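S.K.: Chain P is fixed; fit chain R onto it per the hints.
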Amino acid sequence: MTELLQYVVTGLMTGGLYAMVGLSIVLVYKATEVVSLAHGELLGFGALFFWLFFVALGLPLWLSILVMLACSALLGFIIERFAMRPLIGQSLFSAFFMTVAVYLMLDGIFALILKGGAVGWPAFLPAGNIYPGGIRIPLTSLATLGICLSLFGILAAFFKYTKIGLGMRATAEDHQLSQSAGINVKWVFLVIWAISAMAASIAGVSAGNIMAVHYYLPFFILMKGLVAALFGGLDSIPGVLLGGLILGAAESVAAGYLDPIVGGGVQEVAAFVFLLVILIVRPYGLFGLVRIERI
Amino acid sequence: MQRPCGTFDETYGQDTAVIRTRAQWGLVIAGLIWLLTVPLYGGDYVLGLINHISILIIAVLGLQITTGYCGLVSFGQAAFMAVGAYTSAILTLNGLPFWLALPLAGLAAGLIGLIGGAPSLRVKGFYLALATLAVHYVIMYLIMHLSITGATAGLHPPPPRIGNFVFSSDKTMFYIIVPLMLLMTYFAKNLARTKLGRAFVAIRDNDLAAKVMGINLYYYKLLAFFIGCFFAGIAGSLLGHWWHVVAPEQFTIVQSLMYVGMIIVGGLGSIAGVFFGVISLRLLDEAVFLAAPSLSAAFPQLAMDIAAPLSGVVFGLVIILFLIFEPRGLAHRWEIFKTSYRLYPFSY
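Respectively, the protein sequence lines represent chains P and R. Reading the first sequence from the start, the letters are residues 1 to 295 in my numbering. Reading the second sequence from the start, the letters are residues 1001 to 1348 in my numbering.
Honestly, the hints are just simulated from the structure, not real lab data. Heads up, a few of these hints could be off.
[Unchecked claim] Cut-off 30 Å, straight-line C-alpha distance, at most; resulting in silico cross-link-like pairs (DSSO-like, lysine-lysine):
id, chain 1, residue 1, chain 2, residue 2
1, P, 160, P, 186
2, P, 30, R, 1124
3, P, 163, P, 186
4, R, 1124, P, 186
5, R, 1338, R, 1195
6, P, 30, P, 186
[Claimed, not checked] One side only, chain R facing chain P, incomplete, derived with CB under 8 Å:
id, residue
7, 1125
8, 1126
9, 1130
10, 1141
11, 1176
12, 1179
13, 1182
14, 1257
15, 1316
16, 1317
In this text the structure is predicted, and so the values were computed from the model without any measurement. By construction, the Cβ of each residue, glycine as well, lies at the ideal position given by its N, Cα and C atoms.
So that you can see chain P by itself, here it is in the shape it has in the complex (with noise of 0.2 Å):
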């Protein structure tokens, strides 16, 4: 029993990490309706950029994820601005493509950068662990945990209470209605590019807290992120943190029972076995809004 607590509690602070990821790519999807693989890339820049100012240039450690926010909303605009928006009324599947051929661009960028190699650094948040009723709780993924629940938050306050958190709100209903009651759509994208990527830059942040930031790094939590997405539905913000959680706990207790079995590697793989159940039996997900096709 305390094994299987365990597992969960592992995999819930996981899935708090796969949640931030979801959530920039729900962000996304509920303003522009396209689903952006992008964000896995932007989440390997922003950790990239925290690289840069903390370790390599040796700012602050306030002032170098003030200067990589900046970046990462820098890289989202960017690509909102030249790659996105030429893409405005064609079809959805030339948008979605266009994120995976920002993907590849910025993958193999990535790459150039690192060398083949990794980058780390010296660890900022409180190490050591917790023993709450016997069961190992690292404080760094507690840390993340929070970190994750304040992002969502924060997010959360921003689109109750701030005017152009309202604009796209409505925006997300519906372009044309928005666009004549006076609100800027273009803009609204913009902006929503921009603070997705901040959102994938502090997962990628909060990734390589855990981990070290190497070249597979961006893929697989980019794939995890969106099974999270997914899981929840794709339109629903509060959808993606459930999903990202149970995520996380079921492909941890999934990889603990069963990697002795088949000699592992199981974590990887069973997101994606996760996401083949999840289309066939439930394509909207938990909470997403279900579509009803017409001819």
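M.R.: The following block gives chain R in isolation, referenced to the frame of chain P:
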């Protein structure tokens, strides 16, 4: 299709012909003669390149049928190639001749494709793309963890042979790969014009409307996956027997994404587009690989093999530019060129 002035159809055969005029026949025959005589003077490098392009064309033709004609986006084509390659390798290592293993590899990939394509009955578009990506990952996971596939070390299939004649070099494999590529192209080109192909196009344009017209969606969507994966299986089998090695790293997710990129650059729903897409992107890739060593020399601080990441950057950039400036692909440009060539010197 717009035809040269003065070309009329007098029989049903003429009306349905793919190659319509004498000039076209001349070009086709000259092209075939050129292609089949390349081994007489081409070096191993050129032959290897043509072999690889031909194999890619077979795989991407399959993807064009699934994605370009039937509209079912598949990000798992490389994994289905892997299924074909491994099936053929296992069968030939157990003593079956290559000539029997080749169609069986196609069938095996097609059958796995039926399972992999099952989500298409439930979801479409982006969701289906993700489902096939998951299928890709699950297949590669199984290949890397089963003992029959040699895990990460891979297998070494023997070269094909007839009697005592062994097809072991690039030059001899050329005469298996290229005729097969032509055969598969002929098949794909004609498939698109049959009842089946028209049903695929109807499903692509609007699957609900197609269903209302009496097209059995389940049957045709699964069939599209079966045919597309059959092509992939054949391509995978050829690749394995040509390189004498089948290993998981030959069939990555990036490969699958690149195949979709190739049909976007070439043009969705066009057989000629497959040729344009594969040839132009493969040559671009080759140029990057040739330029990489000198770039490495110019920027020694990179100090690594920059070819693979650089080809990813170039590939992504090309797709971005095509999606923005020519979403209908090179095949569309080719049609424009043909029309203006025929109308020359008149502009209308």
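S.K.: It remains to establish, for every hint, whether it holds in the given structure.
M.R.: Here is what the structure says about each hint:
| no. | hint | in the structure |
| --- | --- | --- |
| 1 | P:160 / P:186 | holds, 20 Å |
| 2 | P:30 / R:1124 | holds, 19 Å |
| 3 | P:163 / P:186 | holds, 16 Å |
| 4 | R:1124 / P:186 | holds, 28 Å |
| 5 | R:1338 / R:1195 | holds, 27 Å |
| 6 | P:30 / P:186 | holds, 14 Å |
| 7 | 1125 | holds, 6 Å |
| 8 | 1126 | holds, 5 Å |
| 9 | 1130 | holds, 7 Å |
| 10 | 1141 | holds, 4 Å |
| 11 | 1176 | violated, 32 Å |
| 12 | 1179 | violated, 33 Å |
| 13 | 1182 | violated, 29 Å |
| 14 | 1257 | holds, 6 Å |
| 15 | 1316 | holds, 3 Å |
| 16 | 1317 | holds, 6 Å |
Violated hints for the displayed structure, listed by number in ascending order: 11, 12, 13.
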